[in-house]
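Build out the structure end to end from the sequences listed, making use of the hints.
What follows is the residue order along each chain.
Protein chains: 2
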Amino acid sequence: METNGKILVVDDEADILEFVSYNLKKEGYEVWTAMNGQEALPLAKKIKPDLILLDVMMPVMDGLETCKRIKADSDFAKTYVVFLTARAEEYSEIEGFNSGADDYIAKPIKPKLLISRLNAILRRKTKEIVSPSIKVKDLFIDRETFMIHRGEQKIQLARKEFELLFLLASKPGKVFTRDYILEKVWGEEVLVVDRTIDVHIRKIREKLGDEYIGTVKGVGYKFEV
Amino acid sequence: METNGKILVVDDEADILEFVSYNLKKEGYEVWTAMNGQEALPLAKKIKPDLILLDVMMPVMDGLETCKRIKADSDFAKTYVVFLTARAEEYSEIEGFNSGADDYIAKPIKPKLLISRLNAILRRKTKEIVSPSIKVKDLFIDRETFMIHRGEQKIQLARKEFELLFLLASKPGKVFTRDYILEKVWGEEVLVVDRTIDVHIRKIREKLGDEYIGTVKGVGYKFEV
DNA sequence: GCGAAGGTTAATAAAAAGTTAAATGCCTTA
DNA sequence: TAAGGCATTTAACTTTTTATTAACCTTCGC
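These protein sequences, in sequence, are chains F and W. Residue numbering for the first sequence follows this note's numbering, starting at 1 and increasing by one per position. Residue numbering for the second sequence follows this note's numbering, starting at 1001 and increasing by one per position.
Where hints are given, some of them may not hold.
[As the list claims (entries may be wrong)] Ranges of calculated distance between the beta carbons of each label pair, as one might list FRET restraints:
{"id": "1", "chain 1": "W", "residue 1": "M1147", "chain 2": "F", "residue 2": "E206", "range": "25 to 33 Å"}
{"id": "2", "chain 1": "W", "residue 1": "M1147", "chain 2": "F", "residue 2": "A77", "range": "16 to 24 Å"}
{"id": "3", "chain 1": "F", "residue 1": "K45", "chain 2": "W", "residue 2": "Q1153", "range": "21 to 29 Å"}
{"id": "4", "chain 1": "F", "residue 1": "Y22", "chain 2": "W", "residue 2": "L1191", "range": "56 to 64 Å"}
Please keep in mind that the hints were generated in silico from the structure rather than gathered at the bench. A quick note: this is a predicted structure, and the numbers were derived from the prediction, not measured. Cβ coordinates follow ideal geometry from the N, Cα and C atoms, glycine included.
Structure follows, in structure tokens:
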């Protein structure tokens, strides 16, 4: 089963850890726990959680300090930090946002509320990170970096090559006509000779191998499935 | 003066509208108000607010209904909806998230908390995550001092150089287009020649070495991972 | 085996980025 | 306030990379 996400809960009280863990696990999250910031940081490095629930008041390394360190580390650029805080600490809440936290939840923790808040935050996250990339066969075609990953191997394509491959791979198996390819990759107004597409196809095949792009004579090209 | 963002406040109580408006305006937001959902929707269409503060309990069209309509409209895909709710309505809060709201704030409203919550939400939206410093590879990029630390070595960059490196390093591996770089580092209105970016890139490479910033021809620059 | 569609190659054109030096403007300091 | 220094920008030029074309070759169905 695919989980909803990974959450690291950090609090010095064992009761709370257990209570929160229980409720999160019931909702389908993978949960890890730590008793303080010092313990949490290396653990977070290892598991790369989607969200960290962080008590403000803790011995050894408190929540604010931990939060600052997390936010300074590019490994955690995509990690949300949510504070757990007692009502009395309202001022700390505001401090918390200065340290870069994304939200806070007040104690005493009410399970239903906790869950709906976390769902809302994580939903926001998945919405924000638009995945401009395609995974097909053993290829990972990454629009962010304009790279093709095949296992450990990284292959750099020129722009037109990339756009062409990206188009074909966006619907594996579908045959794209030359006209359609020209319109999408080159733009409607551009006038180029037919051989131009062939040459680009060839370059891609040269770099990736022949097994990805197939020719359908008289029709066009497709990404082989 | 540039404003922090546009907020539409919807509540049936004039007192609350005034109280909230006053506090938001003081913080540099542009504020509009409406007394119910029916009034709010066409207004929202017109002003395209960044965020809508919505009372749950209202006559004519209540918050939940309004929220659902907003979230169903693609014009508001980027608009955050935050509920205002009385403590007693806890169950409604959860309902609220089902209707697609992004957050909620409990009444009675405390100005400081209100502001910091909204700031946090809008910061997430506009700037993604602002961190005062970034750690990538062997570099520590420190916003406070505009210095780059590499082990014991300290390297001073000029402001534009720093901002440029900071931007690239904020998402290692991601390719940033020249247009995007211009908008973020130089500002939207500024008109500078393309070569300007190159020259700054060159300066950074001169000071740090060539291994950090990569070129993706036809696309832009990236921080190498 | 013929012809059309596509493949291949190398040459050429065009685009993008790198480089350098000089001009500009701003700030500091004597 | 004039001189110097530094950051920034521009222009002119070079180099590199990518895109396109033309000419020729291969394949495949009929």
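Hints, verified against the model:
For W:M1147 paired with F:E206, a C-beta distance near 45 Å fails the hint of 25 to 33 Å. At roughly 21 Å, the beta carbons of W:M1147 and F:A77 sit within the given window of 16 to 24 Å. Between F:K45 and W:Q1153, the C-beta spacing of about 25 Å keeps the proposed range 21 to 29 Å intact. Evaluation of the 56 to 64 Å hint for F:Y22 and W:L1191 yields a pass: the beta carbon distance comes to about 59 Å.
In the structure shown, a violation is registered for the earlier hint numbered 1 alone.
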